[in-house]
Amino acid sequence: MEINELKQIIEALLMATPEPLTEARFNTCLGDEESKIPLKEVISELTSDYEKSGRAFFIKEVAGGYQIVTNAEFEPYIKGLFSKSGKLRLSQAALETLAIVSYRQPVTRNDIESIRGVSSDSSLRTLLDRKLLEIRGREDGPGRALLYRTSTEFLQYFGLNSVKDLPRLKEVEDILAEDDSELV
Amino acid sequence: MKNQLHRIDLEMFEGPLDLLLFLIKRDELNIYDIPIAKITGDFLEYVDLVKELKLHSAGDFVLMAATLMKIKARMLLPIEANGDDEVEDPRTELMNMLLEYKRYKEATSTFSEMERFERPYYYHIPTPWSLQQEDNTAILEDVKLYDIMLTFQYLIKNYEEPATHSVAVEEVTLSEQVGFLNGLLQAKTKLSFAGLLEKFDSRLVVVVTFLAILEMLRNRQVKVIQSKLFDDLLISRGSTFGN
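For the protein sequence lines, the chains are S and F, in the order given.
In terms of this note's numbering, the first sequence has 74 at position 85, counting the first letter as 1, and numbering is strictly consecutive.
In terms of this note's numbering, the second sequence has 232 at position 146, counting the first letter as 1, and numbering is strictly consecutive.
Don't read these hints as lab results, they were simulated from the structure.
Please read these numbers as outputs of a predicted model, since none were measured by experiment.
It cannot be assumed that every hint is accurate.
What the hints assert, rightly or not - Taking lysine-lysine and the DSSO-like style, the derived pairs with C-alpha atoms no more than 30 Å apart in a straight line are:
1) S/K159 with F/K111
2) S/K120 with F/K309
3) F/K314 with S/K120
4) S/K120 with F/K188
5) F/K309 with F/K285
Chain F on its own, in the form it takes in the complex (with noise of 0.2 Å):
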C-alpha cells in the first residue's frame, strides 16, 4: 500500500479535496458510503509525505486529517436512538463538499478546452506607445486599488534599509504621518511617492506612510495617480484636502 502511495505524483493534487476524489476514483469508492477508516489511513499517508516535503499547501491537508479523523471517532461512537428524530450521518457535510468541488472541477476541463481553442487567435490590440500621452505624467484615470498595491510591492522592494544599526524603538504613528503628508500638500501641488521614499530610513516608516495615503485616499483627502502600472505614484489634493 505504501509504495503504491509513493508513486503518486506529488503535484498533481490541488489540494485535499482532489486527492479524497482520487482516492475514492482509484479504489472505487461510493461517495455516498465512504469508507471511512480506509480512507483516512491512506489519506494520512500521504499527509505525511506532504509535511515531510514541506509542501505549501500542508496546512490544508493537515486540517483536512483533522476533520476526517473527527468523523471517524463520530462513527464509533453508538448512535441513540431517540425517536423519530432521524440521525445525520456524519459523513454527509464532507460528501457535499466532495460533490460541489467535483463540480468545478470538471468544469475546468472545458475552460482548459476552450483556453486551446482561442490560443491560436491574436487580438488585434493598439500599440502602446499609441496609448501613451505626451506627458509622462499622464493621468491613468483607472487606478485601482489593486495597482496602488502592486507599485508599493514594487517600490518597497528596491527600497534598502541603510545599514544602520541604533537599538532605538522607533514611534511613528498613522496620524503623524497624515499630519506629514497634508504639510507637505500645503506647500506643493503633487508628491511623488518614490521621492518621499529616498527621505526615509526606515521600511516601518515607509509602511506607516503609506498606510497614511490609503487612508487619506479614502477620506477623499488626497488623489493618487499613476502613468502606468509599477510607476511612480503622485499624489495630490483631493476633494475634501484641508477640511
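Extracted from the complex, chain S is given alone in its bound form (with noise of 0.2 Å):
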C-alpha cells in the first residue's frame, strides 16, 4: 500500500474513532491489506503535514494510541461549546483520591480511606461520574470489596500514555531529605 494511500486511511480512522487508536486495532480495520509501513511513522508523517499545513489539530499520543486533539490556542473559542460543568476542575479531596488509586491500584475504598484518614465516598462517586475511574471485579478475601482502577479517560484527562509515564511517587526518604533541607 502506498503511504500516501495509509495516510488518508488512517486519518479517516482517526476521525471517526471513538477511542484511542492503537496499533491492534488499526491492524484489525485494515483486515487482509497488510501495510508494510508501521503506524508510527504514518502517524509522523501526516503529523508533519499538519504543522506544514496549518491545522488547527494535531495528533496526540495518549492512552497508548492516537487521538486527533485540538491546538491549545483554540481554547477560547472552544470553551464556548460546552456547558461549563464539563471542564470543572477535580477538587483537592478528589485528586489524593485519584492520586492514591493511581500508584496503588487495583484498591478498595478501605485502603483509600486508610490512607487519607477520611471517608472517600464522595470523591469516588465524582471520580466514577467522570469516568475517571471504574470498577474491576471484586477482592478476593473477606467482604468482597469492590476494587478501583484508572480508566483510559483518565489517561486521555492527564494527557498520559500509560499509567507507567506517571512521575514516580516520591519515596518516604525523599520527603524527609527534602524536609530537612527546608530547615536549613
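Since each chain comes alone in its own frame, lean on the hints to assemble the complex.
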C-alpha cells in the first residue's frame, strides 16, 4: 500500500475513532490488506503535513494510541461549545483519591480511606461519574470489596500514554530529606 | 492561640491527617519526635470547631482525637524495661500514617499541574447521534453495575409514594419478588423497570424488587439492558431462566 493511501486511511480512522487508535486496532481495521509501514511512521508523516499546512489540530499520542486533538490556542473559542461543568477542575479531595488509586491500583475504598484518614465516598463518586475511575472486580478477601482502577479516560484527562508514565511517587526518605533541607 | 486557630480556613483541610501535617509545618515540629501533648491540645481545639459547625467529616476528626489522646496517655506511663526487648514508641504508627499520607498529598500537585496543562486540548469525539443506533432501545452492551445503581437512584428519585395513610405492616420478601418477576417474564420477553415502578405503591416494594433483579442478574436468570445512562432498564430472560 502506498504511503499516501495509508495516510488517508489513518486520517479517516482518526476522525471516526471513539477512543485512542492503537496499533492493534489499526491492523484489525486494515483486515487482509497489509501495511508494510508501521503506524507510528505514518502518524509522524501526517503530523508534519498538519504542521506545514497550518491545521488547527494535531495527533496526540495518548492511552497507548493516537487521537486528534485541537491546538491549545483555540481553547477560548472551543469553550463556548460546552457547558461550564464539563471541564470543572477536580477538588483536592478528588485529586488525593485519584493519586492513591493511580499508584496503588487495584485498591478498595478501605485502602484509600486508611491512607487519607477520611471518608472518601463522595470523591469516589465524583471520579466514577467523570469516568476517571472504574470498578474492576472484587477483592478475594472477606467482604469481597469492590476494586477501583483508573480508566482510559483518566489517561486522556491527564494526557498520559500509560500509567507507567506517571511521575514516580516520592519515597518517604526523599520527603524527609526535603523537609530537612527546608529547615536548614 | 485560640484566635490563631480560628483564622484557619476550615475548608482547607481534607481530613485529620491533613490538619496534623499543617500543625507540624506551622510550628516547625519534628515529624520523628512529635510533641504529642502540644499537638493534641491544638488538634482538640480544632475538633471542637468542627463539631460546632457539624462538618461532614466530624467523625473522622473525633476518631483521630481519640487516637491522639490514647498515645498521649501511653506516653505518660512509665516504660518498663524488660530485658533486651525494644519498646516501641507509641507514636510510630501515627508517624507512618502521616508520612504515607504526605507522599500522596504531594503527588496531587503533579496531578493538578497535568490537569491544568491538558485543559486547553479538546479531543475529536464522535457526536452523540453518531453513537445512537436507530432502535431507541438498542442494547448498550457495557452496562456496569454502577450504571444500574445510578439509574435506580435516578428512577426512584422521581418515584412518588401515593399519599395513603394505612398503617398495616407490609410484608414483601426477596423470593416473592423473584417469583413475581419470573411469572411476568414467562408471559413477556421484556419488562420495563420504569413500567414496574408504576405498579407498586410503596418504596419498600420497589427496593425489594430492585434487589430481586440484582439477585436474578447474578444467577443469570435475567439480562438487563439499557440504551443510555439514566434510561429505563429493560429486563429480559437470561441464560439460566426457568431452571
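Enumerated hints in conflict with the structure, sorted upward: none
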